[in-house]
Amino acid sequence: MFPSPPSGPFSVYIHLPFCLRKCPYCSFFSLPLKEEGRDRYIALIEGEMAAWKGTFAGGWADTVYFGGGTPSLLTPPQWKRLFDSLEGALPLGGTPEITVEANPESLTREHLSLWRERGVTRVSLGVQSFSDAELLWLERPHDGRRAEEALASIAEEGLSPSADLIFGLGGQTLRSWKYSLDRALSLGAEHLSLYQLSLERGSRWYSRPPEGRPDGYPFYRFAQWLLPRKGFAQYEIASFSLPGRQSRHNRAYWTNKPVLALGAGAWGYWGGRRCRNEDTLTGYERAVREKGRACMEWLELSEDEGAREAAVLYLRTAEGIPFGEFSSRYGGEILREILSILRELVPENCLEWRRESVALTPRGMRVGNSIWSLLI
Amino acid sequence: MDQKRIRNFSIIAHIDHGKSTLADRLLERTSTIDSRDMKSQILDSLDLERERGITIKLVPVKMLYTAADGEEYILNLIDTPGHVDFGYEVSRSLAACEGALLVVDATQGVEAQTLANAYMAVDQGLEIIPVINKIDLPSSRPDYVIREIEEVVGLDCEDIILASAKEGKGIDEILERIISKIPPPSGDPEAPLQAMIFDTEYDNYKGVICYIRVMNGTLRPGQNVQFTATGRVFPVEEVGVFRPGFTPCAQLTPGEVGYMVSNIKTIADAHVGDTITDNACPAPPLPGYRKVKPVVFCGFYPMDRDEYPQLRDALEKLVLNDSAISFEPETSVALGFGFRCGFLGLLHMDISKERLRREFGVELVATAPNVIYEIVTKKGEVIEAHRPSDFPELGDIDEVREPVIKLTLFVPADYVGKVMKLCQDKRGVYQSMDYLAPDRVRLIYELPLAEFIIDFHDKLKSQTRGYASLDYEYKELKAADLVRVDVLVSGEAADAFSFICHRDAAYHRGQAVVRKLKELIPSQLFEVPIQASIGKKVIVRSNVKALRKDVIAKCYGGDISRKRKLLDKQKEGKKRMKQIGKVSIPQEAFLAFLQVEEDEDK
Numbered sequence: 001m002f003p004s005p006p007s008g009p010f011s012v013y014i015h016l017p018f019c020l021r022k023c024p025y026c027s028f029f030s031l032p033l034k035e036e037g038r039d040r041y042i043a044l045i046e047g048e049m050a051a052w053k054g055t056f057a058g059g060w061a062d063t064v065y066f067g068g069g070t071p072s073l074l075t076p077p078q079w080k081r082l083f084d085s086l087e088g089a090l091p092l093g094g095t096p097e098i099t100v101e102a103n104p105e106s107l108t109r110e111h112l113s114l115w116r117e118r119g120v121t122r123v124s125l126g127v128q129s130f131s132d133a134e135l136l137w138l139e140r141p142h143d144g145r146r147a148e149e150a151l152a153s154i155a156e157e158g159l160s161p162s163a164d165l166i167f168g169l170g171g172q173t174l175r176s177w178k179y180s181l182d183r184a185l186s187l188g189a190e191h192l193s194l195y196q197l198s199l200e201r202g203s204r205w206y207s208r209p210p211e212g213r214p215d216g217y218p219f220y221r222f223a224q225w226l227l228p229r230k231g232f233a234q235y236e237i238a239s240f241s242l243p244g245r246q247s248r249h250n251r252a253y254w255t256n257k258p259v260l261a262l263g264a265g266a267w268g269y270w271g272g273r274r275c276r277n278e279d280t281l282t283g284y285e286r287a288v289r290e291k292g293r294a295c296m297e298w299l300e301l302s303e304d305e306g307a308r309e310a311a312v313l314y315l316r317t318a319e320g321i322p323f324g325e326f327s328s329r330y331g332g333e334i335l336r337e338i339l340s341i342l343r344e345l346v347p348e349n350c351l352e353w354r355r356e357s358v359a360l361t362p363r364g365m366r367v368g369n370s371i372w373s374l375l376i
Numbered sequence: 377m378d379q380k381r382i383r384n385f386s387i388i389a390h391i392d393h394g395k396s397t398l399a400d401r402l403l404e405r406t407s408t409i410d411s412r413d414m415k416s417q418i419l420d421s422l423d424l425e426r427e428r429g430i431t432i433k434l435v436p437v438k439m440l441y442t443a444a445d446g447e448e449y450i451l452n453l454i455d456t457p458g459h460v461d462f463g464y465e466v467s468r469s470l471a472a473c474e475g476a477l478l479v480v481d482a483t484q485g486v487e488a489q490t491l492a493n494a495y496m497a498v499d500q501g502l503e504i505i506p507v508i509n510k511i512d513l514p515s516s517r518p519d520y521v522i523r524e525i526e527e528v529v530g531l532d533c534e535d536i537i538l539a540s541a542k543e544g545k546g547i548d549e550i551l552e553r554i555i556s557k558i559p560p561p562s563g564d565p566e567a568p569l570q571a572m573i574f575d576t577e578y579d580n581y582k583g584v585i586c587y588i589r590v591m592n593g594t595l596r597p598g599q600n601v602q603f604t605a606t607g608r609v610f611p612v613e614e615v616g617v618f619r620p621g622f623t624p625c626a627q628l629t630p631g632e633v634g635y636m637v638s639n640i641k642t643i644a645d646a647h648v649g650d651t652i653t654d655n656a657c658p659a660p661p662l663p664g665y666r667k668v669k670p671v672v673f674c675g676f677y678p679m680d681r682d683e684y685p686q687l688r689d690a691l692e693k694l695v696l697n698d699s700a701i702s703f704e705p706e707t708s709v710a711l712g713f714g715f716r717c718g719f720l721g722l723l724h725m726d727i728s729k730e731r732l733r734r735e736f737g738v739e740l741v742a743t744a745p746n747v748i749y750e751i752v753t754k755k756g757e758v759i760e761a762h763r764p765s766d767f768p769e770l771g772d773i774d775e776v777r778e779p780v781i782k783l784t785l786f787v788p789a790d791y792v793g794k795v796m797k798l799c800q801d802k803r804g805v806y807q808s809m810d811y812l813a814p815d816r817v818r819l820i821y822e823l824p825l826a827e828f829i830i831d832f833h834d835k836l837k838s839q840t841r842g843y844a845s846l847d848y849e850y851k852e853l854k855a856a857d858l859v860r861v862d863v864l865v866s867g868e869a870a871d872a873f874s875f876i877c878h879r880d881a882a883y884h885r886g887q888a889v890v891r892k893l894k895e896l897i898p899s900q901l902f903e904v905p906i907q908a909s910i911g912k913k914v915i916v917r918s919n920v921k922a923l924r925k926d927v928i929a930k931c932y933g934g935d936i937s938r939k940r941k942l943l944d945k946q947k948e949g950k951k952r953m954k955q956i957g958k959v960s961i962p963q964e965a966f967l968a969f970l971q972v973e974e975d976e977d978k
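Note that the protein sequences, when read in sequence, are chains A and B. Under our numbering, think of the first position of the first sequence as 1, with each following residue one higher. Under our numbering, think of the first position of the second sequence as 377, with each following residue one higher.
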């Protein structure tokens, strides 16, 4: 049932689904759990890790990502226990990239110093905005000042800070957007994830959209203009970073590298197939107790579908589709087909053709969806 | 029954002047309908006729009446439609009569349509009995209306009947006048058979039922009859009269109006206007009357593409009962398979669409109506153009001719200016204007049919608050400076959007089309130029700006499958669009150009 493990590096994603409350635009799996519920959940993660333990024939974890939810809601002792279990169960590489997602309202100095001690390298902070009005509109539980303190504390602790910022918010102006970007940079962010407020199925706002959302174009365009001037390169549709501060973990997703998923509702990519863990707490608990592993479904794509999806993912990145790697993984014929679609149906100024790869230009990144839908 | 005691007549009246109510009273008075079965508008059997208060299909009925002289007479009433589109039905029923009641509303006066039908009756040598109806209404002006009938129609009104069909006033007088004034039919029962088909109807069990008027000879079941137009012979299975339902009888003699069943399975075998004779001793055909030709065309497409066969069946059945409709298969980029249908006018088109929906359960999309053009090429060939794509290249055209109508309008004097302006806007050519009364004017214009069918009637109604009436007759094909305006999307001709119009209107209409397309075509990866051109000359241009930005979203592990589904959806949406070159055009864009605007206040 489970494909053989990779013999080289792989990534690990651990989902920690707790939140103080669910944000109106969020469609992820999250739970408003009490203290004892968290302990019980950690025990399940430990159970799942134990089931995997010893099956990594020669492979090692190169990146680990604790995502949520709000991972910073776990207490430092809970974190200590989590790291102990992780180190006991998974083979870690020499210089692993370990990222934790955190929210300003729950991030503390204790978290940061413990994380640093246990090898965490990056902290991705859910800032969303530094404007109080915008945060209120988004129904976030923190204000701008709290976000500033939290972001500053990450750098002070010697960890690499990344900030998430959202555009297209009610009442947002180019001026307030510039303010948020400037604050993030001056408080030491080395990596930015910028994305547009989108109301996805499963979120509260999906069926009742809030009013007054501005068009996202000028915000994104402005970020694409400003950030390179501050030393930040756009290395992916929604990601900007200082040199050497790209997220290795996220790159693994965009290049279809193996990702081991742990926790309820977590997605992974293992043995060339996308897989998903049980996405209810009871289902996850039963699976772990009965089988150890909690995978609910394996998504089987045809060769052709897999190749097209891979091309779309590669095109998210500034490196684009590497011809050599792509054709050795998916075949030369599908590569030629994809390239001919790009050549014929996509305007020249959206693509940058190089000797060994093709990538989207900044303009191309702005209309990525329309380009990708030609390839799928 | 003695031929001398038969009277065949019809009723000529404008819509709402009370024709159906008068017919109801005549049926009651002659005890043709049991008062228990009486309902209003009894002869209008189609639901649509009742709802809209109009008569669409002619319906004959036989009444028995004992007159003041003590004799019993047969009165055959051949009811006729009153709307301008159905003039041909009127001419058919008039051909089966010796007389007609001309009913005029005492509050409204003579309307354009009434006048046209009255003249048609006079031309056919019918005896006309003028009746002024609705004299019970407080606003009735019988003296004024009498003068109008004398001056405008030119009828002697010395002993005109003043009636109120609603209150039953004047009904006996009308019946007596029919007996005394309308001549009995002539014809020799011993002569070779000559019977005229004035309508047909299709019955699932009996086949085609022919409505006939016997001119000479006698028609009986068992006889073998020949249809002179086709030469085909059928045995007569049943003959009968309308009481008002089908009532079999032993024979039909000269002057009688009735029906004949002879197991005819296709309508093509029984032409309306044809003559039926005895196969044993054929007689020459009776003079036929003007065969009708559809003048207004539109496309009918099933709402659900899978329902094409149902639409075809429904149309075939409808044509069995309405031989004036023509149809042939056609395809459209936007709508798929459908039919190009020809009608006698807009109301006829509308009624047919509604009948397909109600009687056959077919939901359909109707494209905007158009006319047929005649094109003379430089080589001297004459081409019939049904659609813009039938037009040859601009350089190959010597002359384009379009159908022109003679339009007669009766307008209150206050609105003359507005109506003249409307006619001029519609490229009308002024013919004459005269005052029927100090406050009523008759205007005559020559107007292109193509302009008339767009929205003339609606505009006339709204600009005169419904006080104007009109009549038109097809006149001729006339040369005009008409051009085909092509629409190019990203440099490629988009046939579905091209149209024919007068050169002077090309710029404005081209601009409207380009503006609309610009709204309806979503932004694409490329800038999309939209142009309207006459031949190679571009007259209007605009651009759909290139897409600036999609939604920018994060994409991590779990999102990949979800993102993929979203992209799949985007792609599916695109598949439903029509590709012209690299440009995806949504269905709505085509529909916006094809569909008839739904008019709520019909």
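Note that these hints are calculated values from the structure, not bench results. Some clues are possibly wrong.
Said to hold, decoys possible - Computed far set for chain A versus chain B, every beta-carbon distance over 10 Å: (1) Leu92; (2) Asp215; (3) Gly216; (4) Arg221; (5) Ala238; (6) Asn250; (7) Thr280; (8) Leu299; (9) Arg355; (10) Ser370; (11) Trp372.
As the list claims (entries may be wrong) - Derived coverage of chain A by chain B (criterion: at least 3 residues anywhere in the stretch with Cβ under 8 Å from a Cβ of chain B; other residues may be distant): (12) 192-202; (13) 253-267; (14) 306-318.
Idealized CB from N, CA, C, for every residue including glycine.
Taking the hints in turn, this is what the structure says about them:
Here Leu92 of chain A stays apart from chain B, with its beta-carbon at least about 19 Å from theirs, past the 10 Å limit. Not every beta carbon of chain B lies more than 10 Å from that of Asp215 of chain A, the smallest distance being close to 8 Å; the non-interface claim is violated. Not every beta carbon of chain B lies more than 10 Å from that of Gly216 of chain A, the smallest distance being close to 6 Å; the non-interface claim is violated. At the 10 Å boundary, the C-beta of Arg221 of chain A falls inside the reach of chain B, the nearest C-beta of that chain being 8 Å off.
Taking the minimum C-beta to C-beta distance to chain B, about 5 Å, the non-interface status of Ala238 of chain A is violated against the 10 Å cut. Remark: the non-interface label on Asn250 of chain A conflicts with the geometry, its nearest Cβ contact in chain B lying 6 Å away (cut-off 10 Å). The claim that Thr280 of chain A is not at the interface with chain B holds, since no C-beta of that chain comes within 10 Å of its own (minimum 15 Å). With a minimum CB-CB distance of about 6 Å to chain B, Leu299 of chain A fails to clear the 10 Å threshold, and the non-interface call is violated.
With 10 Å as the threshold on Cβ separation, the claim that Arg355 of chain A sits away from chain B holds: the shortest Cβ distance comes to roughly 25 Å. The Cβ of Ser370 of chain A does not lie farther than 10 Å from every Cβ of chain B; its closest approach is about 6 Å, which violates its non-interface assignment. At roughly 5 Å from the closest C-beta of chain B, the C-beta of Trp372 of chain A falls inside 10 Å, breaking its exclusion from the interface. With 6 residues carrying a beta carbon less than 8 Å from a beta carbon of chain B, the region 192-202 of chain A meets the three-residue requirement, and the given coverage holds.
For the region 253-267 of chain A, the assignment as covered by chain B holds, since 7 residues bring a beta-carbon within under 8 Å of that chain's beta-carbons and 3 suffice. Closer than 8 Å: that is the beta-carbon criterion, and the region 306-318 of chain A has 4 residues meeting it against chain B, so the requirement of 3 holds.
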